[in-house]
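A.B. asks: Listed in order, the protein sequences are those of chains A and B. For the first sequence, the working numbering begins at 1 and goes up steadily by one. For the second sequence, the working numbering begins at 1 and goes up steadily by one.
Worth double-checking, as some hints may not be accurate.
In this list, chains with the same sequence are indistinguishable; a pair is considered to hold if it fits within one copy or across any two.
[Unchecked claim] Subject to a maximum C-alpha distance of 20 Å in a straight line, what follows is the list of computed SDA-like cross-link-like pairs (lysine to any residue): (1) K410 - T57; (2) K192 - Q180; (3) K192 - I205; (4) K192 - P203; (5) K2 - I138; (6) K384 - G406; (7) K192 - L122; (8) K147 - S3.
No lab work stands behind these hints, which were simulated from the structure alone.
There are 2 protein chains.
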Amino acid sequence: MKSDETVVTGVSGGADSLYLLFHLQQAGQPVIAAILDHQLRPESSREVAFVQEICVTYGVPCVAGKADVAALAQTRRCSIEEAARIARYEFLFGVARRHHAAAVATAHHADDQVETVLMHFLRGSGLEGLTGMRPRTILPQWDPEEKIPLIRPILNVSRTEIESWCRETRLTPVEDQSNQDTQFFRNRLRHKLIPLLEAEYSPQIRRHIQTLAQTAHEDMQIIHEVIDAAWQQCHIPDDRIPDAILLNRSEFSRLAPGVRARILRRCLFQLCPEARDVGFDSVQRMHDFIASCDNENSVRQWEKNLSVAVEADMILIYPGGESPNPLQYPQLTTGSVSLSIPGEFSFSGWQLTCRILQLSSEKIPALTTEMAANRSLVYLDWEKIELPLILRTANAGEMFRPLGSGGRQKLSDFWINTKIPRAYRAGHPLIADRNEPIWIPGLRPADFCRLTSETTKALRLELKKRR
Amino acid sequence: MKSDETVVTGVSGGADSLYLLFHLQQAGQPVIAAILDHQLRPESSREVAFVQEICVTYGVPCVAGKADVAALAQTRRCSIEEAARIARYEFLFGVARRHHAAAVATAHHADDQVETVLMHFLRGSGLEGLTGMRPRTILPQWDPEEKIPLIRPILNVSRTEIESWCRETRLTPVEDQSNQDTQFFRNRLRHKLIPLLEAEYSPQIRRHIQTLAQTAHEDMQIIHEVIDAAWQQCHIPDDRIPDAILLNRSEFSRLAPGVRARILRRCLFQLCPEARDVGFDSVQRMHDFIASCDNENSVRQWEKNLSVAVEADMILIYPGGESPNPLQYPQLTTGSVSLSIPGEFSFSGWQLTCRILQLSSEKIPALTTEMAANRSLVYLDWEKIELPLILRTANAGEMFRPLGSGGRQKLSDFWINTKIPRAYRAGHPLIADRNEPIWIPGLRPADFCRLTSETTKALRLELKKRR
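Looking at chain A on its own, in the form it has when it is part of the complex:
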């Protein structure tokens, strides 16, 4: 950030944010103070007036806003604290965009950092959590264009320094009473645990934790680079499966165990951004499951309704339930094709053959048995089918009359009922006559053209993997 670019600074009227505001102003940085009235406490509007007055005195432009935090907590179904945080960041980044500011600054300081890292340590965290807050970070949630960083200019300044500055300048900042309430976890750390640790266990603990945050951040950057490279190596990009992730199994298994675990975690976050709470154990179990699979195809359900299918050469992570063999679903990428009869047609590893058979009724039971045993093969009543015969994928909202169901259903429901992973639905081939699907290969023929004792001429369709 250049020294002539404007920074929007969140100001509550508390000591920390006043220190930040004056600190930036003293440094010659153009600042806009932004204060949001959360309307949670009766004194909040008085606090806004206090900040506005200070800004006038010091010649800093000030933007005030109001939010109905209580209502937001209801619509978002989150805690008041979380709703206040959301409202605040929305407000700050909104102000920054309107005023073409280069950054949003918050008044997080060294002791906030210590509390954050300690909180993560106590509540269970890997290296990420120990990095705490960064002096500069991009929050795509509030800044989708990733142009306005959140900066924390006083992250190395201690609460003691800020308090003594307040005394020196004879400022009486707003005191948020809830900061004293030791019902809140963070306040218990601030007022009870950290002083105890400092007095009885480690006088330098604040400094130690700050250093840990810094080294953990550097280590995390090293690890990110390694994971990025490993991802390049084992991830197979596949446009046909936008909701799923495909990994090269042999490349994956060549990675170090820690890298494998982190790759799995990346898959999880990529498919479910809200999965940040998924614990180490769950990732570890999936890791062990994949490692334990022999060459047989195996599927296991994971977190957040994801499934993981392990094939001989691939690992597929996809949303949806268990599926016997997701990667063997055929996929048609060439568009619609009119079939010649008799004839053959090949597409991406598959071969479709069509021919006509003369039937006598005593042959029908044998054909039915054959079809039951082999879902990649079907015999249909030629007389019921209206040409042309088309190989294609499903149309939006298309209906299908599956054999034995006695009715019609949407293909979109049929995919769900037959547990086709979402990733494979759009590209799944079907054979239709002039009017409707007559066969979904590997799954089900249509009812209307099934073999009957009257059938004298059958259409034989077979879809096989090419050798």
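Fit chain B to the supplied structure of chain A, relying on the hints for placement.
C.D. replies: What follows is chain B alone, placed relative to chain A:
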């Protein structure tokens, strides 16, 4: 470790080590119990007898030993606890070697692990400290051949499980009273801090810390691989400087900041294995110093009497004090050379020229001034010198009579006095006549052949870097 290989197990008679002993025996592993009488408490010999008795009952071979831990603490100048630890590991690995055991097992359990990680966290630690103890580790200090790992088979078993096992088997283990003494930091964690954290801050904290140890270990392995690769890239192996480390500066500066810091830390440990206590700040300061150096040569003292010299293209880390320009010390690698006069001789980037001048006494002050201004040039009294003239390195124990000192001194002391880094002493060239050194280039001529008012013929020597 195979199930038919012998494991030597340290047994104190306490619950943990008895649990370990029986656990291994139950699993069918051949075990030798090893108990060391530390002779620190009057009851210690009774405890040895207790363990021996139990081993007889359960049919486990037992080896007992004695150590004078108090005396060891005096000779090693360490605490009693540290001396006890040294004596114990020496004993265990000694027993393992004598009995050709495949491993030494200790009874560290899950709660020991939690205490270890928490202790490191409180006292200041990077990622390494958070990995805690490993289930299997090589300790070259006790096992120089790196053939006998230390294993910790019950690192996932909690103290509660061990205690309930003791109750079930109606065993009354030895209770070391010092385990209750909350004067000891670890005991305070065990009996006060961890229960407090569990009750008031994080009920699952033990599990969280165990998980952290595991993920930190995996992350550490990733980082080790990265650092190994970076080391290959920027380290310049140089046999001439066994006590120093030479880095390629441009390769070094291409590394990520976290990698650079860890490379510097590796240099530190490699040169001073006892430097494990050197903090993040010190490494960071050296990192920042190196980054801040422009193309001028700079030297700064570091921890443990190390110096770091930054040259245009190299970084040299070496033991010893500050030195203006260590990498510009000439180094002779070609062996002794007899010099022709007049003549020239070139070696590894340097060129030596010799010639003879006729002098009149009025010229002498000008030559003396010239010599004072340029240490790479010298004029000596030709009449005092006995041929042949030899370019060589110092012989063991060789003496030198430096100009102005009025006496003789060992060259080994001369190097120290003139602050030549140890790394450059063995290869430093000198010019000697038939009897002794007449000039140490860049440093000092000999006194016996200095110019005087009587000198009529001078030997002019000059050692210059080749362009």
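A.B. asks: Run every hint past the structure and note whether it holds.
C.D. replies: Hints, verified against the model:
In this homomeric assembly, K410 and T57 never come within 20 Å of each other (Cα to Cα): the closest approach is 68 Å inside a single copy and 75 Å across copies. When the C-alpha separation of K192 and Q180 is checked against a cutoff of 20 Å, the pair qualifies only within one copy, where the shortest distance is 11 Å, while the shortest distance between copies is 25 Å. Within a single copy, K192 and I205 get their C-alpha atoms as close as 14 Å, and across copies as close as 18 Å, so both meet the 20 Å cut-off. Proximity of K192 and P203 under a CA criterion of 20 Å is satisfied in both settings, with 15 Å inside one chain copy and 17 Å between copies.
When the C-alpha separation of K2 and I138 is checked against a cutoff of 20 Å, the pair qualifies only within one copy, where the shortest distance is 17 Å, while the shortest distance between copies is 52 Å. In this assembly of identical chains, K384 and G406 lie within 20 Å of each other by CA distance solely inside one copy; the values are 16 Å within and 122 Å between copies. For a Cα distance limit of 20 Å, the shortest separation of K192 from L122 qualifies both inside one copy, at 14 Å, and across copies, at 16 Å. Taking the closest pair of Cα atoms, K147 and S3 come within 20 Å of each other only inside a single copy of the chain (17 Å); across copies the shortest separation is 60 Å, beyond that limit.
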